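Number of protein chains: 2
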Amino acid sequence: MANIGFIGLGIMGKPMAGHLVKAGYTLYVYDIMHESVAELKSLGAIPCRNSKEVAENSEIVILMLPDTPDVEEALFGHDGVSAGIKPGSTVIDMSSISPIATRKFAEKLAKLGAEMLDAPVSGGQLGAQNAALSIMVGGKAEIFEQIKPIFEKMGKNIVLIGGNGDGQVCKVANQIVVALTIEAISEALLLASKAGADVTKVREALLGGFAQSRILEVHGERMIKRTFQPGFKIKLHQKDLNLALQTGRDIGVSLPNTATAQELFNAVSADGGAELDHSAMVQALERLANFTIGGK
Amino acid sequence: MANIGFIGLGIMGKPMAGHLVKAGYTLYVYDIMHESVAELKSLGAIPCRNSKEVAENSEIVILMLPDTPDVEEALFGHDGVSAGIKPGSTVIDMSSISPIATRKFAEKLAKLGAEMLDAPVSGGQLGAQNAALSIMVGGKAEIFEQIKPIFEKMGKNIVLIGGNGDGQVCKVANQIVVALTIEAISEALLLASKAGADVTKVREALLGGFAQSRILEVHGERMIKRTFQPGFKIKLHQKDLNLALQTGRDIGVSLPNTATAQELFNAVSADGGAELDHSAMVQALERLANFTIGGK
Numbered sequence: 001m002a003n004i005g006f007i008g009l010g011i012m013g014k015p016m017a018g019h020l021v022k023a024g025y026t027l028y029v030y031d032i033m034h035e036s037v038a039e040l041k042s043l044g045a046i047p048c049r050n051s052k053e054v055a056e057n058s059e060i061v062i063l064m065l066p067d068t069p070d071v072e073e074a075l076f077g078h079d080g081v082s083a084g085i086k087p088g089s090t091v092i093d094m095s096s097i098s099p100i101a102t103r104k105f106a107e108k109l110a111k112l113g114a115e116m117l118d119a120p121v122s123g124g125q126l127g128a129q130n131a132a133l134s135i136m137v138g139g140k141a142e143i144f145e146q147i148k149p150i151f152e153k154m155g156k157n158i159v160l161i162g163g164n165g166d167g168q169v170c171k172v173a174n175q176i177v178v179a180l181t182i183e184a185i186s187e188a189l190l191l192a193s194k195a196g197a198d199v200t201k202v203r204e205a206l207l208g209g210f211a212q213s214r215i216l217e218v219h220g221e222r223m224i225k226r227t228f229q230p231g232f233k234i235k236l237h238q239k240d241l242n243l244a245l246q247t248g249r250d251i252g253v254s255l256p257n258t259a260t261a262q263e264l265f266n267a268v269s270a271d272g273g274a275e276l277d278h279s280a281m282v283q284a285l286e287r288l289a290n291f292t293i294g295g296k
Numbered sequence: 001m002a003n004i005g006f007i008g009l010g011i012m013g014k015p016m017a018g019h020l021v022k023a024g025y026t027l028y029v030y031d032i033m034h035e036s037v038a039e040l041k042s043l044g045a046i047p048c049r050n051s052k053e054v055a056e057n058s059e060i061v062i063l064m065l066p067d068t069p070d071v072e073e074a075l076f077g078h079d080g081v082s083a084g085i086k087p088g089s090t091v092i093d094m095s096s097i098s099p100i101a102t103r104k105f106a107e108k109l110a111k112l113g114a115e116m117l118d119a120p121v122s123g124g125q126l127g128a129q130n131a132a133l134s135i136m137v138g139g140k141a142e143i144f145e146q147i148k149p150i151f152e153k154m155g156k157n158i159v160l161i162g163g164n165g166d167g168q169v170c171k172v173a174n175q176i177v178v179a180l181t182i183e184a185i186s187e188a189l190l191l192a193s194k195a196g197a198d199v200t201k202v203r204e205a206l207l208g209g210f211a212q213s214r215i216l217e218v219h220g221e222r223m224i225k226r227t228f229q230p231g232f233k234i235k236l237h238q239k240d241l242n243l244a245l246q247t248g249r250d251i252g253v254s255l256p257n258t259a260t261a262q263e264l265f266n267a268v269s270a271d272g273g274a275e276l277d278h279s280a281m282v283q284a285l286e287r288l289a290n291f292t293i294g295g296k
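Heads up: the sequence lines are chains A and B, in that order. FYI, this note's numbering numbers position 54 of the first sequence as 54, with every residue one higher than the one before it. FYI, this note's numbering numbers position 55 of the second sequence as 55, with every residue one higher than the one before it.
Honestly, the hints are just simulated from the structure, not real lab data. There may be inaccurate statements among the hints.
[Claimed, not checked] Footprint (simulated), chain B over chain A, 3 or more residues, beta carbon under 8 Å:
{"hint": "1", "region": "4-15"}
{"hint": "2", "region": "82-89"}
{"hint": "3", "region": "142-148"}
{"hint": "4", "region": "156-167"}
{"hint": "5", "region": "206-215"}
No experiment lies behind these values; they were computed from the predicted model shown. Built from N, CA and C at the ideal position, the CB exists for glycine as well.
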């Protein structure tokens with residue numbers, strides 16, 4: 001079994017790294033948070049002083065970090081992965097970051113003789129804990145096949161989308177659809193409720209036809225029952241839509257409703273709702289309508 | 001069996017009326033199009049000279065007309081239903097029209113001793129032909145129960161949503177969700193495609209998670225395969241979103257993404273696409289991006 005490095009032991013990374021240790025892999029770990037490192041050490045992982053040391057000891061280096069600049073710093077910054085990586089190694093970036101930056105990182109790593117896969121996930125903290133993440137992968141097919149047994153320790157729905165960056169593109173597309181479907185359900189249920197209809201019955205009727213979606217099932221119910229504990233936090237979805245809008249600007253795609261959805265998230269955040277579930281986007285429209293679903 | 005009147009024998013009304021004649025009802029029919037009336041006559045329906053004459057001969061009067069002013073004219077205009085209707089009769093408006101106007105019409109009919117149900121449908125021409133329409137009903141529960149056997153000759157998923165107008169509210173909510181989900185899929189697949197990913201694989205990956213919807217299944221595939229024959233025509237969805245936006249203005253609900261979706265429909269129409277399937281909304285975004293899904 002290959003030695004694995006794991007950089008980034010946050011809400012997502014910690015349980016993911018834990019699954020690998022439990023599966024018997026020798027795991028070298030690094031995070032700026034000492035508590036997280038100590039927790040992994042107690043499971044059997046080996047702490048490192050920096051990302052370079054992780055890379056020196058591992059054939060496979062996994063990153064699970066908040067955003068594009070964090071990944072760039074861990075890979076190419078002072079004492080970063082690139083300073084310690086051996087030719088023939090593979091870097092797997094499971095963070096959700098810019099597809100365009102991802103392609104540049106893969107090119108720079110290739111010059112050092114290292115392969116790269118981008119492998120962002122969906123499924124959140126619960127998916128990470130239960131090893132039930134969806135994993136959207138970009139990179140070479142032969143590298144994907146080599147790494148697949150490792151992905152299977154962390155996730156269930158594991159799909160190779162295409163070349164480097166395409167996993168990140170798929171994740172961005174996913175987050176656009178999720179946010180805009182939440183927005184669609186918000187407009188429809190709010191209009192129905194303020195017009196005097198029973199939204200529970202409207203939701204049921206809509207689930208029987210072309211308006212059906214997982215979001216109408218799950219998030220539509222949250223809007224009606226007013227249960228906005230996450231779930232998936234608005235502040236994380238803001239980051240994802242920022243990636244979408246940035247990618248749209250970079251490659252020249254106009255995303256009008258993504259822009260509006262982001263502004264509605266911003267409005268809920270401005271009112272203290274950044275930690276709420278993303279279905280709380282409806283609250284911004286409710287404020288504009290001076291009316292809450294259910295008539296409260 | 002009650003005598004039934006049927007006013008409006010268009011693309012939808014003609015097959016719906018046909019099912020009632022075949023089921024053995026005595027059907028009095030009226031339409032301004034003589035060919036449609038003649039066709040129903042050949043099946044056994046009895047032609048009338050105007051809506052008043054339909055009402056004089058029927059205990060139940062069904063309307064299936066294009067828009068709010070058409071329904072108002074048929075009910076309360078010269079030689080309209082209200083001039084011939086008998087106390088104890090029931091008017092069933094199966095057109096998709098304004099929920100607010102619907103409530104006014106129900107009040108006016110109540111003063112003449114007549115009941116009213118609003119019962120807009122979804123499922124399109126094919127649903128009408130196959131007696132497989134979804135029917136969203138507003139009105140009194142006891143009237144709904146009386147009429148249900150008649151609805152069952154024309155549809156399958158038949159739901160009482162609430163009081164007068166609530167069937168129309170539900171239909172408007174349905175059309176908002178459908179249009180905005182088409183828009184969401186359009187933004188996501190276009191971004192993914194212009195970013196270089198294989199949209200077929202992106203769509204498959206998205207179907208496995210929270211981005212899943214009937215629209216992603218059906219209309220997402222149409223966007224990828226470039227099959228834009230209707231289906232449901234853009235010009236009809238424009239009418240429905242106009243109802244949504246008008247209702248939003250009337251009751252005070254801001255519908256920002258519905259407004260954008262309508263403008264995108266308007267752009268496709270301006271380019272000659274009014275008769276295309278509503279999934280062709282993607283063409284407006286494609287024009288803005290100077291790129292077509294699949295890279296053509």
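Hints and how they fare:
1. By the rule of at least three residues with a Cβ nearer than 8 Å to a Cβ of chain B, the coverage given for the region 4-15 of chain A is violated, with 0 such residues.
2. Proximity of the region 82-89 of chain A to chain B, defined as three or more residues with a beta carbon under 8 Å from a beta carbon of that chain, is not established by the 0 residues found.
3. Evaluation of the coverage hint for the region 142-148 of chain A: breached, as 0 residues show C-beta separations to chain B shorter than 8 Å, against a requirement of three.
4. Check result for the region 156-167 of chain A against chain B: holds, 8 residues qualifying (beta carbon to beta carbon below 8 Å, three or more required).
5. Closer than 8 Å: that is the beta-carbon criterion, and the region 206-215 of chain A has 9 residues meeting it against chain B, so the requirement of 3 holds.
Checked against the numbered hints listed earlier, the structure breaks hints 1, 2, 3; every other hint is satisfied.
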